[in-house]
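From first to last, the protein sequence lines are chains A, B and C.
One gets the working numbering by counting positions in the first sequence from 1 and adding 238 to each.
One gets the working numbering by counting positions in the second sequence from 1 and adding 779 to each.
One gets the working numbering by counting positions in the third sequence from 1 and adding 981 to each.
Read the hints as simulated data drawn from the structure, not as lab findings.
Bear in mind the structure is a predicted one, so any value in this text is a computation, not a measurement.
C-beta atoms are modelled at their ideal positions from N, C-alpha and C, and glycine is treated no differently.
Please note: incorrect hints may appear among the correct ones.
[Claimed, not checked] Computed footprint of chain B on chain C, listed as stretches where at least three residues anywhere in the stretch have a Cβ under 8 Å from a Cβ of chain B:
(1) 1099-1111
(2) 1191-1200
[Unchecked claim] Using 27 Å as the maximum straight-line C-alpha spacing, the simulated DSS-like pairs for lysine-lysine come out as follows:
(3) B:Lys883 - A:Lys259
(4) B:Lys883 - B:Lys908
(5) A:Lys340 - B:Lys908
[To be verified] Derived CB-CB ranges, DEER-like:
(6) A:Ala502 - B:Gly914: 54 to 64 Å
(7) A:Glu377 - B:Asp856: 47 to 57 Å
(8) C:Thr1178 - B:Ser918: 29 to 39 Å
(9) A:Glu377 - B:Arg867: 51 to 61 Å
(10) B:Ala818 - A:Gly519: 48 to 58 Å
(11) B:Thr1025 - A:Glu377: 23 to 33 Å
(12) B:Ser918 - A:Arg481: 21 to 31 Å
(13) B:Arg867 - C:Arg1195: 12 to 22 Å
(14) A:Glu377 - B:Ser918: 40 to 50 Å
(15) C:Asp999 - A:Glu303: 28 to 38 Å
(16) C:Arg1197 - A:Glu484: 51 to 61 Å
(17) A:Ala502 - B:Gly802: 16 to 26 Å
(18) A:Ser423 - B:Arg867: 32 to 42 Å
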Amino acid sequence: MADTQPLLEVEDLSVRYPGHKGWVEAVRGVSFTLGREKLGIVGESGSGKSTTGRAIMGLIRPPGEVTARRLVFDGRDLNAMSERQKRSLRGDQLTMVMQDPKFSLNPVMRVGEQIAEAFRIHHAAARGAARRRAIEMLEAVRIRDPERVYRAYPHELSGGMGQRAMIAMMLVSNPRLMIADEPTSALDVTVQMQVLGILDDLVSERGMGLIFISHDLNLVASFCDRILIMYAGRVVEICRAARLHEARHPYTRGLLDALPRVEARQERLPTLTRDPAWLTGATIVDEGAEA
Amino acid sequence: MTAGGAAPPIISARGLTITFGHGADAVQAVRGIDFAVPAGSCFGIVGESGSGKSTILRALSGLNREWTGEVTIDGHDRSHIGRRAFYRLLQMVFQDPYGSLHPKRTIDSTLAEPLLIHGIGDRAERIEKALREVGLDSSFRFRYPHQISGGQRQRVAIARALILEPKILLLDEPTSSLDVSVQAEILNLLDALRRARDLTYVLVTHNLAVVSQMCDQLIVMNRGRIVEEMAVDALMAGRTSHPYTTQLLQASRGYDRQAARELKTFD
Amino acid sequence: MTGSPATTPRGPRGGWRDWLLADVPRSATQAFLGRFYLGWRSFARNRLALIGLGIVLLLALLAAFAPWIAPYDPFAQNLGQRLLPPSWAHLAGTDELGRDILSRIFHGARITLYIVVLTAIIAAPVGLIVGTVAGYFGGIVDTVLMRVTDIFLAFPKLILALAFVAALGPGIDNAVIAIAITAWPAYARVARAETLTFRRADFIAAVRLQGASRGRIILYHIVPLCLPSIIVRVTLDMAGIILTAAGLGFLGLGAQPPAPEWGAMISTGRQFILDQWWVATVPGIAIFVVSLGFNLLGDGLRDVLDPKAR
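Just chain A, with the same shape it has in the complex (with noise of 0.2 Å):
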């Protein structure tokens, strides 16, 4: 952590979307700050972690309702900016890459089209010298026929294949900070391996800060620098990922010791008891993972 500015400042995230039987709250009060390094954030379904990367980028739409005391980017104030200032921003220094390729990507467009029209929404630049820039990053994400790749369309490339090429559409502006939901979870575990690789070489080449969404609670340890563990949308937990197995809020020793292990089985999982106290209680911050 050379810089002394932090990539990212957050303080009170709060979402809620209107329900049936009044406001649903999906976020409550996150808090943390981020630097050149990989944050994990953990949950299960309805935790809210999905929802707090898409709040960072803006992507909430009304009804829903982002609320944050601070919520400051590479030193630019987020909560302050008209949505055209925030649009610069997505995409272009702010990216975000999810889940399945067969979705994200348009369906009826030629790959390396997508990662050109990405730079040249950002960048005045030709379409000649966006392409060049599509396939130097084609490259940069270890494909091998970048060519090929360029001229393919989503469904004709493999599910580790369309996600690198998500990846290469999201670095295309060298972002500052890129935010990946679930990235890897529709893939195959050595093809999740392969991606992974690319994506730590990459973060740390360029000196990015990734924040790394994901419900695999080891993948996330041991892949991330730091891990927040998310529960009914409050952080419940800040530790460094090479001490996950030292956690000390019951939800996570609880989510950890139900996971089962290849070394040994149990004779029964224990399973978790959710407590209400869960739902307002403090973070727990391990020493040396400052939020």
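Dock chains B and C against the given chain A, drawing on the hints supplied.
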């Protein structure tokens, strides 16, 4: 817990081959494999996508009739088992809890359907009993699938599979779509049911930890072939012989920078 | 999540609502009615849809009670009172034979409703069965059934109906049959498309594994899933059916005189359109309003029944 050599196989396959498509487009999803599932055990089939693992289940269950080879189930040649008798012998639980229940039928109606098809009476009692056995109370009977959670739907799917009292249950990634905490409950439930009713499970999954927790032995598949067979003790101790299995085991431990660089593809 | 018995009614209205919306339905009927009630509430939020429903209900009421609410006998001729403009005595004026137009409109509603309902009852089930069977069986069955459907779809509806009526002879029942024959192919297409979506679903596989016959699967599992689209499609089609019937009537091939069929009324009113505009225009307005009503109703139903909107 370990597969007893004395127990006769309840399912055995020899030269099982499943091909999709015809002529030039033909793809061999499963290429002449042999395996035997001991009665009363939990048999794991592990692999990644395209390995053929789910295809085997679809062939065993009869959802896919185009396979060749010899398959024996409960002592009878598979092709000679009458349809009705077969469905009371073998049932299946599917992966996606959101797709395995008819969206417009109540839970009661979904559970009553197999009983109606086979002309079994006492439906209300059997339905209540089936729900109890999977940990759901009768308040669930007249709900619709969209009103209950993923874990609860999977329990209903298990209840439905067991209501005809089969001996064999085929499980196609039964917990892959569920949260960690829910997965633990469902795995515990499945294990308890197997012991209580002396069932045989064939469990398909890509998750080696689930295999260790649930299975007695397993086969590892890659591109339609069995690359390795092992007892679960060997898996737990990491005594893998085929490099594909070793790679799979390594990957299941989480991300490792070095290992990610050294990944190989196996054909 | 253990259920509690339905709350004690606070009053008849409170009680019904609570029963329908109960968290834990105690019977299949309660569950079904509860869902129906939720659907109704969603539908009722759409004002235009309610207007459409109102128009359709008005049509039904007029048709049912025409003999009692029509001010005059629709067949009573009075040549001394021909072609009178709208007045308090005759709200819609009189036609060329002195018959009260308003009464003829009311009685014509019966004919319109008859045609519309009968067509739906004949065409929708035929289309549903053909579509679901083609979609589920696939292969040669699908090909044959869809080519037959294509043949029917290749003709413009009115021309095809004309051809059938010409073959069968004019008359209201033959008109119904002819229109039904032109309507079913579209429903077959819709049903087939829906069936293809669900054919490979796990819940269908599960029922196959229970030993259900193909007929059972189609009838009890696939048809219920196709019903919402078919209902919407049929409702939206009603306008077209009314217009086709009116077209046939206009050409003298539908209901025969002196039956007060709206299309036939326009036809005879044609000759007077310049000076006695009401003779042709009033039935035209009736056709327009009813078509609009069905369209609005169909749109409202689609918003409620379309699974993607849920």
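So, going through the hints one by one against the coordinates:
1. Only residues whose beta carbon comes within less than 8 Å of a beta carbon in chain B count, and the segment 1099-1111 of chain C has 0; fewer than three means the coverage is violated.
2. With 4 residues carrying a beta carbon less than 8 Å from a beta carbon of chain B, the segment 1191-1200 of chain C meets the three-residue requirement, and the given coverage holds.
3. Proposed proximity of Lys883 (chain B) and Lys259 (chain A) is supported: the alpha carbons are some 24 Å apart, at most 27 Å.
4. Distance restraint check for Lys883 (chain B) and Lys908 (chain B): the Cα-Cα separation of roughly 23 Å lies within the 27 Å cut-off, and the hinted pair is therefore satisfied.
5. For the suggested pair Lys340 (chain A) and Lys908 (chain B), the alpha carbons sit about 42 Å apart, so the restraint of at most 27 Å is broken.
6. Between Ala502 (chain A) and Gly914 (chain B), the C-beta spacing of about 25 Å breaks the proposed range 54 to 64 Å.
7. Taking 47 to 57 Å as the suggested C-beta distance range, the pair Glu377 (chain A) and Asp856 (chain B) conforms, at roughly 55 Å.
8. With their beta carbons about 32 Å apart, Thr1178 (chain C) and Ser918 (chain B) fall inside the hinted range of 29 to 39 Å.
9. In this structure, Glu377 (chain A) and Arg867 (chain B) meet the distance hint of 51 to 61 Å, their C-beta atoms being roughly 58 Å apart.
10. For Ala818 (chain B) and Gly519 (chain A), the Cβ-Cβ distance of about 50 Å falls inside the hinted range of 48 to 58 Å, so the restraint holds.
11. Under the hint 23 to 33 Å, the C-beta atoms of Thr1025 (chain B) and Glu377 (chain A), about 30 Å apart, fit the expected range.
12. In this structure the hint that Ser918 (chain B) and Arg481 (chain A) lie 21 to 31 Å apart at CB is violated, the actual value being about 43 Å.
13. Taken as a hint, the range 12 to 22 Å holds for the pair Arg867 (chain B) and Arg1195 (chain C), whose Cβ atoms sit roughly 20 Å apart.
14. Evaluation of the 40 to 50 Å hint for Glu377 (chain A) and Ser918 (chain B) yields a failure: the beta carbon distance comes to about 58 Å.
15. Range check, Asp999 (chain C) to Glu303 (chain A): about 31 Å between beta-carbon atoms, so the 28 to 38 Å window is met.
16. Checked against the hint of 51 to 61 Å, the pair Arg1197 (chain C) and Glu484 (chain A) passes, with Cβ atoms roughly 57 Å apart.
17. Between Ala502 (chain A) and Gly802 (chain B) the Cβ separation comes to about 49 Å, which falls outside the hinted range of 16 to 26 Å.
18. Separation of Ser423 (chain A) from Arg867 (chain B) is about 37 Å and conforms to the stated range, judged on CB atoms against 32 to 42 Å.
In summary, the numbered hints that this structure violates are 1, 5, 6, 12, 14, 17.
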